[in-house]
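Each residue of the sequence shown is one higher than the last, beginning at 1 in UniProt numbering.
These aren't lab readings, by the way, just hints derived from the structure by calculation.
Nothing here was measured: the structure is a model prediction, and the numbers come from that model.
All C-beta atoms, glycine included, are put in the ideal place defined by N, C-alpha and C.
Worth double-checking, as some hints may not be accurate.
[Said to hold, decoys possible] Under the rule of at most 25 Å between Cα atoms (straight-line distance), these lysine-lysine pairs were calculated in the BS3-like manner:
(1) K78 - K56
(2) K56 - K114
(3) K114 - K78
(4) K340 - K266
(5) K114 - K135
[Said to hold, decoys possible] Derived DEER-like restraints, expressed as beta-carbon distance ranges:
(6) L97 - Q171: 22 to 32 Å
(7) E124 - R390: 38 to 48 Å
(8) L443 - P256: 54 to 64 Å
(9) E124 - P212: 34 to 44 Å
(10) E507 - E21: 46 to 56 Å
(11) L28 - R441: 52 to 62 Å
(12) P313 - L228: 29 to 39 Å
(13) N18 - K56: 15 to 25 Å
(14) E175 - P262: 49 to 59 Å
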Amino acid sequence: MFKPNVQAEVQRIANALNDAERTENVPLQIRLYQQLLQHLPDLALGHAHLASLLLKQGDEIAAQTHVEQALALPQDDKVDATLFDELATRPRFNGNLVQAQRWYDAAPNLWRFKLLLAALNRIESHVEAEQLLVKTLEQPLPAHEQTQVLNLLAQLYYNTARFHESIACCQLGLEQAPESVPLNFNLAVALEQVARYREAFAAYSKVLSLEPEHVATHNNLALLMLRLGEFESGWRHYEWRWAQVQKEHEQHFSIPRWQGEPLQGKTLLIWAEQGIGDHIMFASMLDELSALGGTVYYEIYERLDALFRRSFPTVQFIRRELQGTAQDGSQTMHRQSWPKSDYHIPMGSLGALLRPSLESFPRRQQYLKADPEQVAAIRTDYAQRFPGKRLIGVSWRGGTSVSNEKQSRRIGLDSLGILARLPNVQLINLQYGDTREERERALAHGVSIHHDDSVDPLYDMDRQAAQIAALDAVVSIDNTTVHLAGALGVPTYALLPLNPNWRWGLEEGPSYWYPSVKRVRNRELNDWNAALASVAAQLQADGIL
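Please build the complete structure, drawing on both the sequences and the hints.
In structure tokens:
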């Protein structure tokens, strides 16, 4: 029984917590829960709420203490419901298999099950994760739990590129819960991976009928519509990308966003977003913008600066400078202050104004200009090293991380033997990053790929542009190399997976973004031999060999 003064204090804290929760004042909520637990140290739900709030603030060490206290006390399902969805997204908790197994064994329920599953997936114990899911489905479960487990199994199959099995799990779950947003969404993304686009569109539409502001669906629909060539609808959904990230850039602007107003005598700031390939691709619209009579500022990565200034002398460029590179290859950039302007627009939003239809794409072969002196020097060097050879640049992977999308953009170097064995061909390395071990393994299989130590595209793309311009052709997986080669007008063969990135559409032949780029679609998952054989035939038919 509480003493009257303690009971009054607890009631005061509870009332203050209601106010703090209503105003979403997280720091105040943390202080109030700390005060509450001084009076009620055995309140498991209080520890759970405090742990959840500390996690939102990024204090995982302090949160760990309260997680352990919450789970050590007698409790009900509200404690697990408060904690485990939050824990399942954080490496400190979902990466500790022993801890997750201990918690699950102590009280096996759906929340702890999901944390254990996340821990297994994090260490890529996919077989064990599948066994756990299947075993759970074999037990009698409430209908809502069974559909959740089916959805988890569908996600596992998707993440291990077993797309047809993922689709089957979603369909089975939807027989029981046709209004499930997660199942309809996961069905759509799996259908996309096997190029069943109209069915994917129907599943996404179902999600939006149930949850009209489902951000991930709008974002995925944007890419699907753009891939299908339905540009007007695609660009409209494309604006939902800002709902997925903090709109930190737009907080700086007191000027209006450009909506296509006349630019004569005005200044337009186009600010950077997304990756370096996007910087190159959206730069294809700079000449059109300059022709509108205003001053155009275009924000770019520092390593593009020399190349872009040469290529677009009427455009003013703002550099984003490199501060550091992490072990995973990700880079931290410093943004310079922006000049005073009349209008602003993120570069990815230019398409809605200037590329509303297929007919709006110009059919020009080149808009970037490599340094002619560097091009000549590199061409002379390679001609001396490989007399009489046709020089074919190759790049075989996109990105450094492992994911379905990255795996679908990765070619085994033994497959490049299809090109290396062509008469009078020398392969030239255009792959960014450290490739020494890969090239050595390739050489052991008879595939010689020349590496030029003077070129490092991660720091100086002007030099790589000169290298590409010195070649006879480029064969590459979908990565920055394709964008650069295409913008330079070099004959390029882009090897695209079964479910290609949105910008390449679904057709083969010349790209509408880069007419010198021929799209070569792979019809098989992770088997590139047929696509490379097609490239070999096209190199000969196009007179490059």
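Each hint tested on the structure:
1. K78 - K56: holds (18 Å)
2. K56 - K114: Judged against 25 Å, a Cα distance of about 20 Å means the pair holds.
3. K114 - K78: holds (16 Å)
4. K340 - K266: holds (11 Å)
5. K114 - K135: holds (14 Å)
6. L97 - Q171: 22 to 32 Å: holds (31 Å)
7. E124 - R390: 38 to 48 Å: Since E124 and R390 have Cβ atoms about 41 Å apart, the given range 38 to 48 Å holds.
8. L443 - P256: 54 to 64 Å: holds (57 Å)
9. E124 - P212: 34 to 44 Å: holds (36 Å)
10. E507 - E21: 46 to 56 Å: holds (53 Å)
11. L28 - R441: 52 to 62 Å: Holds, at about 58 Å.
12. P313 - L228: 29 to 39 Å: holds (37 Å)
13. N18 - K56: 15 to 25 Å: Taking Cβ atoms as reference, N18 and K56 lie about 18 Å apart, which means the hint holds.
14. E175 - P262: 49 to 59 Å: Hint holds: Cβ distance 56 Å, inside 49 to 59 Å.
Comparing the model with each numbered hint stated earlier shows that all of them hold.
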